[in-house]
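Novice: The lines below spell out each chain.
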Amino acid sequence: MTPVQTALALLLLPLATALATALFFRRHAAVGRALSLAAAAGIVLLGSRLIFFTENFTVTAEWLILGPLTIKLGFLVDDLTKLMLFVVAFIGFLIHVFSVGYMKGEAHAARFFGCLSLFMFSMIGLTLADDLIMLFIFWELVGLSSFLLINFYYDRPAAVSASKKAFIVNRLGDFGFLLGIILAYWAFGSITLADIAGRLHTSPELVATSIALLIFCGAVGKSGQFPLHVWLPDAMEGPTPVSALIHAATMVAAGIFLLCRVGVIMTGDALTVILWTGVVTALFAGVTAFGQRDIKRILAYSTISQLGFMVAAFALGSLVARRHGLDPTVAGVTAGAAAAMFHLTTHAFFKALLFLGAGSVIHASHHEQDIYRLGGLRKKMPVTFATFTLGTLALAGMPLLSGFFSKDTILILAWQHSPVVFGLLLLGALLTALYMTRLWSVAFLGEARSEGAAHAHENPAVMTIPLVLLAVGSVFAGYQWFYPEVLAAVPTVALALQQGDGHLLVVVCGSSAFVLGAVIGLLVYRPGAAGDFLQQRLPVLYQVMAERFYIDALYDWYVAKVQQRFAMLLNFLEQVLLSGLIIRGFAGLVGLLGLGARALHTGSLHAYVYWFLLGLVILWAVVAGLFNLS
Amino acid sequence: MNIGLNDYLFFSALLFAIGFFGVLLRKNTLVIYMCLELMLVAVTLALVAFSRYNGTMDGNVFVFFILTVAAAEVAVGLAIIVALFRRRQTVQVDELNALRN
Numbered sequence: 006m007t008p009v010q011t012a013l014a015l016l017l018l019p020l021a022t023a024l025a026t027a028l029f030f031r032r033h034a035a036v037g038r039a040l041s042l043a044a045a046a047g048i049v050l051l052g053s054r055l056i057f058f059t060e061n062f063t064v065t066a067e068w069l070i071l072g073p074l075t076i077k078l079g080f081l082v083d084d085l086t087k088l089m090l091f092v093v094a095f096i097g098f099l100i101h102v103f104s105v106g107y108m109k110g111e112a113h114a115a116r117f118f119g120c121l122s123l124f125m126f127s128m129i130g131l132t133l134a135d136d137l138i139m140l141f142i143f144w145e146l147v148g149l150s151s152f153l154l155i156n157f158y159y160d161r162p163a164a165v166s167a168s169k170k171a172f173i174v175n176r177l178g179d180f181g182f183l184l185g186i187i188l189a190y191w192a193f194g195s196i197t198l199a200d201i202a203g204r205l206h207t208s209p210e211l212v213a214t215s216i217a218l219l220i221f222c223g224a225v226g227k228s229g230q231f232p233l234h235v236w237l238p239d240a241m242e243g244p245t246p247v248s249a250l251i252h253a254a255t256m257v258a259a260g261i262f263l264l265c266r267v268g269v270i271m272t273g274d275a276l277t278v279i280l281w282t283g284v285v286t287a288l289f290a291g292v293t294a295f296g297q298r299d300i301k302r303i304l305a306y307s308t309i310s311q312l313g314f315m316v317a318a319f320a321l322g323s324l325v326a327r328r329h330g331l332d333p334t335v336a337g338v339t340a341g342a343a344a345a346m347f348h349l350t351t352h353a354f355f356k357a358l359l360f361l362g363a364g365s366v367i368h369a370s371h372h373e374q375d376i377y378r379l380g381g382l383r384k385k386m387p388v389t390f391a392t393f394t395l396g397t398l399a400l401a402g403m404p405l406l407s408g409f410f411s412k413d414t415i416l417i418l419a420w421q422h423s424p425v426v427f428g429l430l431l432l433g434a435l436l437t438a439l440y441m442t443r444l445w446s447v448a449f450l451g452e453a454r455s456e457g458a459a460h461a462h463e464n465p466a467v468m469t470i471p472l473v474l475l476a477v478g479s480v481f482a483g484y485q486w487f488y489p490e491v492l493a494a495v496p497t498v499a500l501a502l503q504q505g506d507g508h509l510l511v512v513v514c515g516s517s518a519f520v521l522g523a524v525i526g527l528l529v530y531r532p533g534a535a536g537d538f539l540q541q542r543l544p545v546l547y548q549v550m551a552e553r554f555y556i557d558a559l560y561d562w563y564v565a566k567v568q569q570r571f572a573m574l575l576n577f578l579e580q581v582l583l584s585g586l587i588i589r590g591f592a593g594l595v596g597l598l599g600l601g602a603r604a605l606h607t608g609s610l611h612a613y614v615y616w617f618l619l620g621l622v623i624l625w626a627v628v629a630g631l632f633n634l635s
Numbered sequence: 033m034n035i036g037l038n039d040y041l042f043f044s045a046l047l048f049a050i051g052f053f054g055v056l057l058r059k060n061t062l063v064i065y066m067c068l069e070l071m072l073v074a075v076t077l078a079l080v081a082f083s084r085y086n087g088t089m090d091g092n093v094f095v096f097f098i099l100t101v102a103a104a105e106v107a108v109g110l111a112i113i114v115a116l117f118r119r120r121q122t123v124q125v126d127e128l129n130a131l132r133n
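Chains as they are written, first to last, in this note's numbering: chain H, 6 to 635; chain C, 33 to 133.
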């Protein structure tokens, strides 16, 4: 197989199984499961071939020619692609295996696995895409598969409205993305990434900044950045493996991947906006997590917060590299892309682990998701507890675990950029350690607080083995030797960035944030406590956090009171002007003509003869030139 | 008394007018049909007269064709009227108004 054939096979394999499941095996859970699992395994095999045995390449083919616009489809396989593909293929496979156990006994499992394959297809296409249009197509496809999987339990109203919310909020961001593509085409005459990079200097600063920020809008929507983060916590209504795969490890990280892909078109102003969006998101979501009781929602806010870190990392890396006049690309990977993708990779491991651990807990305790109704799972679910603890420590940034290294890179870049950003991100890291300790202590330690938790027991190996493998990744993904040589570019650059100014200070600060967060967390959220500390001491503050700072309420108000009224006004205008005046008006006119014409058909032969005569006279008059007045 | 072209044409016009007003005013399909034939014959007469006046055969040739076609037309037209009468028991045009509404 040539590299192109490998890439095509890799892309089309999950699509084929998704189609087969959709067309023939909708009612056959076992067949759908086997097909999807086979596709995931095939993706690992073909993906490995592409990652380990193929040089970087790019290939394009013309797809559509619309006048001067030629739309090309093609594959771009470089170090970024390979790392992303590695994450998608391997973590995707582990989550597929976990799903086999999690979805046991589910009547509609075939639909679930079919959608999962569809998602893998879309995500791989997104990873391999070489121009903005192809990126956008697969970008929408991952959104579609996310929508389909969030409302997997379509008989639950909450799941249905969550899926709609996810779709609509993403549409807002995608609209900006599309405008960015159009503007890029207008400004540069091309939508291929390489062409845009080459013609960047031909365009004024303002246009380039606008393009960068519009494309960033897409990432804001997909990666749950403030203020479009509202869909991600609600998306937890989907089955837990979906939350792990789509809403933690891969799809939401697509926004980060997009930023790294289009990194060349960034300008200083755009990067500053992106930086602050990331910082605000990281802090805001970190604080909101304290007001949540649902284990998956806490993890969702944690995901948003970490995505904020990644976005900030991208901006910080790019800004610092520019300021120091560094060669922006080391081994084909820019500093910003390296910092962001490194955190993306480690985060994919431990967040997938945490979500699968949460899934394991939920599955064992008969769908109990409230952490204050769990508890005492330490003894009952030893494997889940051990792996979840490792994931928690990695996310909280315990030294020598993966999260520590990737967060260290971000913090050191922040230190080099500005002390304010550094302080804020350090606070974010402290919050991370704190809310994860709260979750871990309340849900696993102490005594069981509900029937379901009391009767929980460890899940079968098909669910625990993926946990163990992900735990291994969570522990070691921060080391350069963990990565095979072909994937090492990103971690190498990211770890090299740490050797800058103030390394020692940042390491000390980062470790202190972890220790402080964990200690305060354990003191405040004591194992076995009956209620939430904040809820008891500061009920007003807790209420604000639990209501997610009223941002969802604000959106609801806006939609109901402003947008709905505007829509009603438009509807009124449409009814009166378009439907009433124009459509009914023309129809009435034609009807009137018809009425007149019908009157001519009297049914009397003599009348027809008179009409015939009249016609003859008119014809004669025309021929004789009577009407020809000039 | 010398009968000239004008007399023929006058007679032809008279015949045509009788036929024309017959078509317009009579109610019986059969009579209308006969009036139609009358108009045809009036035109034929005019053609023969012109042919004779000009001393050429063009008009006569036309007349032969018109007579042939008219014979065929009579066969078809009468057949239609007979079929119509069998079906409706009437040939009055007032009652043949199926096209109305």
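These aren't lab readings, by the way, just hints derived from the structure by calculation. The beta carbon of each residue, even a glycine, is placed where N, CA and C say it ideally should be. Take these hints with a grain of salt, some might be off.
What the hints assert, rightly or not - Listed next, with one range per pair, are the computed distances between beta-carbon atoms:
1. H/Gly593 with C/Lys59: 34 to 40 Å
2. H/Gly593 with C/Leu99: 34 to 40 Å
3. H/Ala604 with C/Ala102: 50 to 56 Å
4. H/Leu631 with C/Gly87: 42 to 48 Å
5. C/Ala111 with H/Val628: 34 to 40 Å
6. H/Leu631 with C/Val114: 40 to 46 Å
7. H/Ala604 with C/Asp126: 25 to 31 Å
8. C/Val114 with H/Leu586: 24 to 30 Å
9. C/Arg118 with H/Arg603: 38 to 44 Å
10. H/Leu586 with C/Glu105: 41 to 47 Å
11. H/Gly585 with C/Leu110: 42 to 48 Å
12. C/Asn34 with H/Leu631: 53 to 59 Å
13. H/Arg603 with C/Phe96: 28 to 34 Å
Novice: Does each hint fit the structure? Answer for all of them.
Specialist: Evaluated hints:
no., hint, result
1, H/Gly593 with C/Lys59: 34 to 40 Å, "39 Å, holds"
2, H/Gly593 with C/Leu99: 34 to 40 Å, "54 Å, violated"
3, H/Ala604 with C/Ala102: 50 to 56 Å, "35 Å, violated"
4, H/Leu631 with C/Gly87: 42 to 48 Å, "35 Å, violated"
5, C/Ala111 with H/Val628: 34 to 40 Å, "35 Å, holds"
6, H/Leu631 with C/Val114: 40 to 46 Å, "43 Å, holds"
7, H/Ala604 with C/Asp126: 25 to 31 Å, "18 Å, violated"
8, C/Val114 with H/Leu586: 24 to 30 Å, "56 Å, violated"
9, C/Arg118 with H/Arg603: 38 to 44 Å, "31 Å, violated"
10, H/Leu586 with C/Glu105: 41 to 47 Å, "54 Å, violated"
11, H/Gly585 with C/Leu110: 42 to 48 Å, "57 Å, violated"
12, C/Asn34 with H/Leu631: 53 to 59 Å, "38 Å, violated"
13, H/Arg603 with C/Phe96: 28 to 34 Å, "44 Å, violated"
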